[in-house]
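Protein chains: 2
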Amino acid sequence: MNEHLTLAAGAGGKAMAELLDQVIRPLLSNPLLNQGHDGAYLPGDLCMTTDAYVIRPLEFPGGDIGKLAVCGTLNDLAMCGAKPLYLSLNLILEEGLEIALLRRVLTSLAQEAALAGVQVVTGDTKVVERGKADGIFIVTTGLGQRIAPQPFSPQGLQPGDLVLINGPLAQHGMAILAAREQLPFETPLRSDCAALHDLVATMLEAAPEIRLLRDPTRGGVAATCNELATASQVGICLQENQLPLDPPTQAALAMMGLDALSVANEGKLLAFCPAAAAPRLLTAMQGHPLGRQSAVIGLVTASTPGQVWLQTKAGGTRLVDMPLGEQLPRIC
Amino acid sequence: MNEHLTLAAGAGGKAMAELLDQVIRPLLSNPLLNQGHDGAYLPGDLCMTTDAYVIRPLEFPGGDIGKLAVCGTLNDLAMCGAKPLYLSLNLILEEGLEIALLRRVLTSLAQEAALAGVQVVTGDTKVVERGKADGIFIVTTGLGQRIAPQPFSPQGLQPGDLVLINGPLAQHGMAILAAREQLPFETPLRSDCAALHDLVATMLEAAPEIRLLRDPTRGGVAATCNELATASQVGICLQENQLPLDPPTQAALAMMGLDALSVANEGKLLAFCPAAAAPRLLTAMQGHPLGRQSAVIGLVTASTPGQVWLQTKAGGTRLVDMPLGEQLPRIC
Numbered sequence: 001m002n003e004h005l006t007l008a009a010g011a012g013g014k015a016m017a018e019l020l021d022q023v024i025r026p027l028l029s030n031p032l033l034n035q036g037h038d039g040a041y042l043p044g045d046l047c048m049t050t051d052a053y054v055i056r057p058l059e060f061p062g063g064d065i066g067k068l069a070v071c072g073t074l075n076d077l078a079m080c081g082a083k084p085l086y087l088s089l090n091l092i093l094e095e096g097l098e099i100a101l102l103r104r105v106l107t108s109l110a111q112e113a114a115l116a117g118v119q120v121v122t123g124d125t126k127v128v129e130r131g132k133a134d135g136i137f138i139v140t141t142g143l144g145q146r147i148a149p150q151p152f153s154p155q156g157l158q159p160g161d162l163v164l165i166n167g168p169l170a171q172h173g174m175a176i177l178a179a180r181e182q183l184p185f186e187t188p189l190r191s192d193c194a195a196l197h198d199l200v201a202t203m204l205e206a207a208p209e210i211r212l213l214r215d216p217t218r219g220g221v222a223a224t225c226n227e228l229a230t231a232s233q234v235g236i237c238l239q240e241n242q243l244p245l246d247p248p249t250q251a252a253l254a255m256m257g258l259d260a261l262s263v264a265n266e267g268k269l270l271a272f273c274p275a276a277a278a279p280r281l282l283t284a285m286q287g288h289p290l291g292r293q294s295a296v297i298g299l300v301t302a303s304t305p306g307q308v309w310l311q312t313k314a315g316g317t318r319l320v321d322m323p324l325g326e327q328l329p330r331i332c
Numbered sequence: 001m002n003e004h005l006t007l008a009a010g011a012g013g014k015a016m017a018e019l020l021d022q023v024i025r026p027l028l029s030n031p032l033l034n035q036g037h038d039g040a041y042l043p044g045d046l047c048m049t050t051d052a053y054v055i056r057p058l059e060f061p062g063g064d065i066g067k068l069a070v071c072g073t074l075n076d077l078a079m080c081g082a083k084p085l086y087l088s089l090n091l092i093l094e095e096g097l098e099i100a101l102l103r104r105v106l107t108s109l110a111q112e113a114a115l116a117g118v119q120v121v122t123g124d125t126k127v128v129e130r131g132k133a134d135g136i137f138i139v140t141t142g143l144g145q146r147i148a149p150q151p152f153s154p155q156g157l158q159p160g161d162l163v164l165i166n167g168p169l170a171q172h173g174m175a176i177l178a179a180r181e182q183l184p185f186e187t188p189l190r191s192d193c194a195a196l197h198d199l200v201a202t203m204l205e206a207a208p209e210i211r212l213l214r215d216p217t218r219g220g221v222a223a224t225c226n227e228l229a230t231a232s233q234v235g236i237c238l239q240e241n242q243l244p245l246d247p248p249t250q251a252a253l254a255m256m257g258l259d260a261l262s263v264a265n266e267g268k269l270l271a272f273c274p275a276a277a278a279p280r281l282l283t284a285m286q287g288h289p290l291g292r293q294s295a296v297i298g299l300v301t302a303s304t305p306g307q308v309w310l311q312t313k314a315g316g317t318r319l320v321d322m323p324l325g326e327q328l329p330r331i332c
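Chains Y and L, in that order, are what the protein sequence lines are.
Per my numbering, the first sequence starts with residue 1, numbered consecutively.
Per my numbering, the second sequence starts with residue 1, numbered consecutively.
All the given hints hold, so there is nothing to weed out.
Identical copies look the same in the list; a pair holds intra-copy or inter-copy alike.
Taking lysine to any residue and the SDA-like style, the derived pairs with C-alpha atoms no more than 25 Å apart in a straight line are: (1) Lys14 <-> Met322; (2) Lys14 <-> Ile99; (3) Lys14 <-> Leu324; (4) Lys14 <-> Gly96; (5) Lys14 <-> Ala100; (6) Lys313 <-> Gln250; (7) Lys14 <-> Arg103; (8) Lys14 <-> Thr125; (9) Lys14 <-> Asn34; (10) Lys14 <-> Glu95; (11) Lys14 <-> Arg104; (12) Lys14 <-> Thr312; (13) Lys313 <-> Val296; (14) Lys14 <-> Arg130; (15) Lys14 <-> Leu101; (16) Lys14 <-> Glu98; (17) Lys14 <-> Glu129.
It should be emphasised that the hints constitute simulated quantities derived from the structure, not laboratory data.
Since we're looking at a predicted model, the values are computed, not measured.
Next comes chain Y alone, as it looks inside the complex:
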């Protein structure tokens, strides 16, 4: 561990895992925190989850920090198999911020919450001096009620489980990168930023056997699969020719030399379920507006525990490593 914090430690990869495992978790360890999921399962079938949003730019094609701050936290609840109930909202604002921008962001936040039928029940606002924050940081904390029959556990994957995704990869990360660097792509790239709780309710109704849900945000599918392969001590084998990609994002990835598996998503989930339930689950997902392009993209294996592999289109296999993390800082 370095003596000083690096930017990479915030990007969802190896450096972040080091910060969490060597500094933060040992000091706070308790059975509820140690569940290690996207949120905590509390007594009374409650779920609690929290996320800070430090994205730049604040507005981007497909969303803004306000929409993201609602979707991201609702998704963490959804990944616990929970119906979202309440949100709290913290605003950390920089002196000199344009009030009109704040209004736009809060309007978008309020719309997204209303759409989901969720209320912001409490909040707090702080203002710091110019140059001591970056426009707007938002923290939302969500409280939800578990509707999945059992709590999910990152240790719960079983060999033979199939891996499903609800649509094209890497749209959020590439849209942010394009907006930030003002890259001149012909077709504008749009973030997939969306709240997945309704899709998850549909999925749980069709396939209550779902083993585990995870949204591949920072570090993308590669980080999520590596984390789960380690936690469950299984291998995960992904099929390159099954990975959904939209053509503009694919072109942008190729131009930038980036790997779709390592780029952040904000409206995608990975579902792991027993093979017998997968066809039923896939049909249910494809019947939902946020799952039209769902696909089975991989298999959980007993071999190579802790490792993620990709069967390439060319017919080879390559190891999918945990991203180091510095690819795209402040992506969410």
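Following the hints, put chain L in place on chain Y, whose structure we already have.
Same frame as chain Y, now just chain L:
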């Protein structure tokens, strides 16, 4: 309202009320948020509250941002008459932060949570580029169970209620100011930073008739009393000669020309209760380690609704205005 955000809008005074009332609340309005208390009362006797901590310096006599982030949020739950159960924790960290400082702050945070028997059940860590934050920002969200017989309401004050405080005013704000400006006071000033949930449990047992509790943080007793006088449409008359003050803080206030009523506290509460219950409540408070210097400091009146008055030692009265807010930014 200005077109750009001012620093004063974060300091708990008039400018902040304007930001909240003109920009933020209208966009998020709902019955639970509109309760306007330190936290939200949810179905099932749950309470939820959240606070961001952007204090500078990060370490100060009597505490640090870690201790503060636990105490502040536990206190907001306590002010709802709730027993704290769970916390979530967000860290927004600046690139280059000294890891040893992070460890000290998290150790202090963990100790304070353990002392209160409260677990950090979920969290999130973000890192932003050098110069885009100020070392460490922390957000904690608390979930608690109401133990007060009824929810408190800022509209609930009644003429004839007495106002009690659990000890000396202005210690946190003056300690921060002294630490920040490296003021050469002979006796070091210590923040009163403390978690008040146990004191509150004692108080509610002795006097379940308590009308309302509030912790006078940003903007101090002046801001809290003004807010409540307006909400309840009553007057509040404070007695200068009853206000507890410790001599070093009093000397520092005099030297700096500051008003004890407008300076932040982090281990103090104001309790409003029917006069008949006040002696019983005062005795209970004085019997608790965090209430030894408790005092009755004022009276709720039917006259001058919306106004706060101070009966001075000299025998006059003066209006206690809502602080404008720019006195001490980033005090909590």
